[in-house]
Amino acid sequence: MIKPLAPTDLLNVTLRWADNDIQTVGRLGYVNRVAHFEYADDIRSSNIEISPVRHRFSVGSATIRPFDVALFEGLHGVFHDSLPDSWGRLLTDRRARELGIEPATLTPLDRLAWVGDRGIGALCYEPGVNVWNEKQSALDLDLLASDARNVLEGNVSDVVAELGHLGGSPGGARPKAMVAIDADDGAIYGSAEFDPKYQHCLVKFRGTDDPTDAANIEKAYANMAEAAGVRVPVTRLIADYKGNQYFVSQRFDRVGKKRLHAHSASGLLYADFRLPSLDYRDLITLTRAITHDRREVSAMFALAVFNVLAHNRDDHARQFTFLMTRNGQWQLAPAYDLTFSPGPGGEHSTSVLGRGKQITNSHLMALGKSADLDDTESKRIIERTAAAVADWERFARNCDVGRASRSRIGSALASSQKI
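Throughout the sequence shown, residue numbering follows the numbering used here, covering 1 to 419 in sequence.
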């Protein structure tokens, strides 16, 4: 018989920069469907601002409410970033039902307790509740992919607890797993231990509507973005014994045994990632405000240009993340989820100076001006990106993208070059 889980009334929040470097952030409660957070005294006296736009604690009360209680189930944006959406939430809900819990009764604090210390970034939540199963032996990617498909299709699966341990925290619609790859023999494990011997990565599996070469397309896009000058993580394709390929990206929130604090544009600005809620001018303004670094502003502009020219139109507010180091310095995270996405009606989720489609080079140049980039730099970034996108066929062939996908995407990219 499954032992009932007690509801979570209060969580202690910490920044776990490393196993031997844990900084207390404060206490998080939840009353009448609204979260309340009290900063700890030691972090208030430091230069560490975990959410420097809406929740600066250098001024004002030590106790704060969410900036917008109607968003994020009444949770603060910075803590909502720790919760998974889509795939991860599906696993959480399925696991809850296995434990005899109706998912609708789980509060955001319950869900954060289930994340515990396994989330993206450095934020950890105590006391954590371990409802997942960790597999100690090497993982079989083909079996994991099959299990993920069964879960997506609503079939009964006895591996939800294992999948949840591997992928219950990252956001995004496609199934994914957080894994550790042995640098010596290439074996893949699900261990959360951060050992320099392992490369800590995210592995993506195909969704039910994805083409069979979805991993190859995403790898080609990562290579194309890198050629365009976009900051991207280290990526690769891994094949299982059947020849199926999976897209793998190195985690950017981990550096050796150390962690970085991660915060999305959605959480920073209280922007609903389910709706078109941002403009790239907003993202450029945000980048300037929290990084105070012109190079980071230029990096955000380069990402905007790439998303426009490469038809990556699923560019919602959770697709942009910022990282903070132990000393409080912010920077733009490497770009992720870069792939061909035509968008609803050809529209971008994030607009360019109010335009969601038919965005021309003149609009991009105007965006560069809003970023305080001189015309020469903006033109250089646009031309470099256009040259990389024009070379799609080569990137696609090098990554074994299928002929149909090469043609379909190539035709769309060529049409945008004519605008």
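Read the hints as simulated data drawn from the structure, not as lab findings.
Heads up, a few of these hints could be off.
[To be verified] Cβ pair distances, simulated, as ranges: (1) 411 - 100: 47 to 57 Å; (2) 358 - 182: 42 to 52 Å; (3) 379 - 185: 41 to 51 Å; (4) 44 - 67: 17 to 27 Å; (5) 390 - 62: 48 to 58 Å.
Every value quoted in this text rests on a predicted model; they were computed, and no experiment measured them.
For glycine and all other residues, C-beta sits at the position ideal for the given N, C-alpha and C.
Exercise. Taking the CB of residue 358 and the CB of residue 182, does the distance hold inside 42 to 52 Å?
Worked result: holds, 48 Å
For this session: Given the hint of 47 to 57 Å, check if residue 411 and residue 100 actually sit that far apart at their C-beta atoms.
Result: Since residue 411 and residue 100 have Cβ atoms about 51 Å apart, the given range 47 to 57 Å holds.
For this session: With respect to the beta-carbon atoms only, verify the hint that residue 390 and residue 62 lie 48 to 58 Å apart.
Result: holds, 54 Å
Problem set entry | Satisfaction of the hinted span 41 to 51 Å by the C-beta atoms belonging to residue 379 and residue 185 | holds, 48 Å
Problem set entry | Outcome of range test on Cβ distance (residue 44, residue 67; 17 to 27 Å) | holds, 18 Å
The structure agrees with every numbered hint stated previously.
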